[in-house]
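Enquirer: One letter stands for each residue in the lines below.
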Amino acid sequence: MASARTTLAYFDHAATAPMRREAIEAMRPYLDEQFANPSGSHRFSRAARQVVDEARDDVAEVLGCAPGEVVFTSGGTEADNAAVFGAVRRHGGIAVCSAAEHHAVLHCVEHLRGEVVDVDRCGVIDLDKLQAALSGILARHERAALVSVMAVNNEVGSVTPMRDVARVVRASAPGAILHSDAVQAACWLDLRDIVLVTDVVSLSAHKFGGPKGMGIMVQKTGITLEPLIMGGGQERDRRSGTTNVAGIVATAAALCATVTQRFAETARVAALKESLVDGITSQLSDVVETVPAASHTGGSSASCAVVPGIAHLCIAGVESEALLFLLDEANVCASAASACASGAMEPSHVLRAMGVEPRLAKGALRLSLGHTTTQADVDRAIEVIVASVQRLRAHRPQ
Amino acid sequence: MKVLVAMSGGVDSSVAAAELRREGHEVVGVTMRLWGGESDTGCCSVSDVDDARRVAQQLRIDHLVFNFSEEFNDAVVTPYVDAHRRGTTPNPCIECNRHLKFDRLSQRARLLGFDAVATGHHARIERQPSGVWRVARGADTAKDQSYVVHMLDQRELAYTLYPVGHLTKAQVRERAGELGLRTAAKPDSQDVCFISKTGGRETFLGHRIPFRRARVVDESGNELGAVDAVELVTIGQRRGLRLPGGAPKQFVLEVDAEQGTVVVGDEARLARDEIQVGHATWSHEPPPLLSTVMVQTSAHGEAHEAVLEEVVAGGSSRDSFVVRLRKPQRRTAPGQSVVLYDIDNRVVLGGGIAD
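Going line by line, the protein sequences match chains H and B.
For the first sequence, this note's numbering puts the final residue at 398, and the numbers step up evenly by one.
For the second sequence, this note's numbering puts the final residue at 355, and the numbers step up evenly by one.
Keep in mind that the hints were calculated from the coordinates and are not lab data.
It cannot be assumed that every hint is accurate.
[To be verified] No farther apart than 20 Å at their CA atoms in a straight line, the calculated lysine to aspartate or glutamate pairs in the EDC-like style are these:
1. B/K2 - H/E329
2. H/K362 - B/D74
3. H/K362 - B/E71
4. H/K362 - B/E70
5. H/K362 - B/D103
6. H/K220 - H/D193
7. B/K2 - H/E321
8. B/K186 - B/D144
9. B/K2 - H/D328
Can you build the whole structure from these sequences, using the hints too?
Expert: Right, here's the structure in full:
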């Protein structure tokens with residue numbers, strides 16, 4: 001793995017980030033000699049219980065919530081499912097989300113025959129349409145059970161102004177639970193700002209250097225959800241299943257490290273991304289940034305803010321699958337859109353919702369950066385991407 | 001060589017990949033995702049992709065998935081539905097080979113720097129002393145698939161490999177067994193991959209086109225009965241016409257979807273000695289006019305001796321041709337592929353679609 005790390009230029013942090021050293025070290029004892037189940041009644045269990053409690057305290061502190069509001073789950077998808085299904089099953093009513101949500105939210109809302117609200121060209125929920133949808137539900141004498149709006153889009157990286165969303169939801173759907181999938185926000189935004197204005201928040205540990213199979217759901221005091229998983233009553237009856245001690249400890253360690261370094265990392269990675277995008281667009285014609293960066297458009301449009309970790313480009317005249325093959329051959333790891341069960345690339349529902357021309361969407365490329373990305377990675381990616389696109393365009397079939 | 005091998009998840013393409021690897025080529029496996037809808041058989045389901053990937057892992061080659069479902073829908077499924085709407089009898093597997101495997105995939109392979117595309121078809125590609133490439137029948141005559149790959153031209157033939165064409169099916173399974181490939185005992189796919197066993201053709205088409213009722217008449221125009229869906233009736237068909245029992249066996253002689261009539265009659269009335277063929281493709285050049293050829297009109301049917309009577313150059317579109325059979329045969333349903341072999345019934349010369 002160490003050799004792979006040195007030869008690969010890894011630009012798929014939004015899919016999963018390498019685990020942080022702190023997290024690996026933190027979890028090791030709990031995979032080994034300290035294996036106890038914290039629900040037991042002996043001293044061995046009590047020791048495990050204590051580290052879970054401490055981890056929960058740490059997480060609560062960086063999220064700006066009470067420890068009792070932190071629910072550990074098996075991942076971001078479970079947290080999203082628990083929020084959407086939990087709200088509708090407990091309270092009845094309609095689930096509402098944006099058209100650019102991750103499938104972990106979108107498929108739940110569609111399954112419940114909820115309402116899907118259009119997004120703007122940045123991939124951010126259209127607040128006027130959200131208001132209209134919520135008013136429409138009220139006018140039909142129905143109620144919205146939950147409104148789910150992602151904090152950062154996982155494909156294109158655009159940032160949703162959650163305060164503005166909260167204003168609309170509180171005014172037009174009082175009583176609705178406001179949920180935010182903040183999975184892609186963890187590395188780049190102050191999560192306390194999101195937790196502050198919402199009722200339920202989902203996070204995924206492996207996106208910020210924690211282990212896969214771990215997630216966090218913040219469920220504010222007074223917000224009730226029907227539990228998705230029932231059983232032994234762990235996590236205060238909100239999520240049953242034997243406590244994943246090692247996972248929880250590592251998640252807390254990764255989140256604390258992420259938050260501590262966030263300010264410096266945001267600046268560092270933003271510079272890398274700028275260099276990456278400039279390097280590509282200065283050498284290739286017909287490449288567009290899918291979400292134009294706010295600074296490029298004059299800075300007036302706050303809704304077009306994009307996190308530093310995601311550079312999403314649409315490259316005319318190439319097909320993503322072909323481009324990714326050439327990048328893979330040259331040891332550059334990137335992605336295009338989400339893959340289906342067979343592993344095939346699916347046309348992106350996010351780009352379609354944003355109204356990106358199919359001609360451009362065919363050549364979608366997501367380069368996502370993170371805590372291990374270096375300038376050397378960026379230089380290598382630029383070189384390989386430029387050469388690959390030039391090659392594909394030169395041999396373009398009629 | 002650097003070879004891209006199309007792996008459907010079946011035993012033939014698994015062994016094709018293994019053979020190429022054994023020969024020392026640089027091999028990458030690819031499974032094409034073609035059909036996005038419901039399916040329980042054939043080349044499109046997730047479990048078949050899993051099989052292909054696991055075989056690739058065993059062979060230590062990379063495995064990719066290309067999503068060509070849009071092209072598949074446009075080039076195979078839509079024309080299939082249209083053909084039934086017109087009352088003709090399409091062959092979607094041939095259109096898939098024509099447009100997906102040996103066009104879209106080979107185009108992509110060239111773009112990505114591969115020297116050849118390989119598949120698990122039971123056919124052989126050989127280069128004649130003159131330098132001309134030909135598709136020859138596979139070593140296993142019962143499994144020969146030269147009919148379904150007849151459309152390859154010189155450019156594609158030079159770029160294509162059939163690594164199991166020289167093996168019998170039994171030998172293929174034996175090699176798969178020796179290598180411990182999980183697909184060794186997997187049954188052959190039989191059906192159209194986008195049509196599920198549970199729903200069948202009727203359900204598939206019923207969701208896409210309105211079925212029209214048709215009168216069943218004899219050759220004098222006397223009404224004998226009716227069918228609910230003229231779109232599902234094929235020339236030569238005998239069953240499912242709901243004709244009164246006791247009478248001599250009646251076969252479908254004509255289908256007129258527009259007028260909503262199905263003409264039935266004795267089997268002898270299906271005999272034809274002439275086949276008119278459009279949308280022709282030639283492996284190299286059209287064979288000389290009036291030369292003797294062997295004609296095959298279905299995937300596993302017998303070939304019959306015939307004379308190439310006429311070739312009409314299509315100019316910018318495809319040629320058409322007429323063959324006259326030495327002995328009359330049962331009429332070929334419009335839409336079926338008609339493939340010409342040399343007099344030895346060994347190599348493909350070309351083919352087209354029956355008018």
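Enquirer: Next, verify each hint and record whether it holds.
Expert: Against the structure, the hints come out as follows:
Distance restraint check for B/K2 and H/E329: the Cα-Cα separation of roughly 13 Å lies within the 20 Å cut-off, and the hinted pair is therefore satisfied. With a C-alpha separation of about 17 Å, the suggested pairing of H/K362 with B/D74 holds against the 20 Å cut-off. Distance restraint check for H/K362 and B/E71: the Cα-Cα separation of roughly 13 Å lies within the 20 Å cut-off, and the hinted pair is therefore satisfied. Distance check on the hinted pair: H/K362 and B/E70 sit about 12 Å apart at the alpha-carbon level, within 20 Å; holds.
With a C-alpha separation of about 19 Å, the suggested pairing of H/K362 with B/D103 holds against the 20 Å cut-off. A distance of roughly 14 Å separates the Cα atoms of H/K220 and H/D193; the hinted pair therefore holds under the 20 Å criterion. Straight-line distance between C-alpha atoms of B/K2 and H/E321 comes to about 18 Å, which keeps the hinted pair within the 20 Å bound. For the suggested pair B/K186 and B/D144, the alpha carbons sit about 18 Å apart, so the restraint of at most 20 Å is met.
Between B/K2 and H/D328 the alpha-carbon distance is near 16 Å, which keeps this suggested pair within the 20 Å criterion.
The structure meets every hint from the earlier list without exception.
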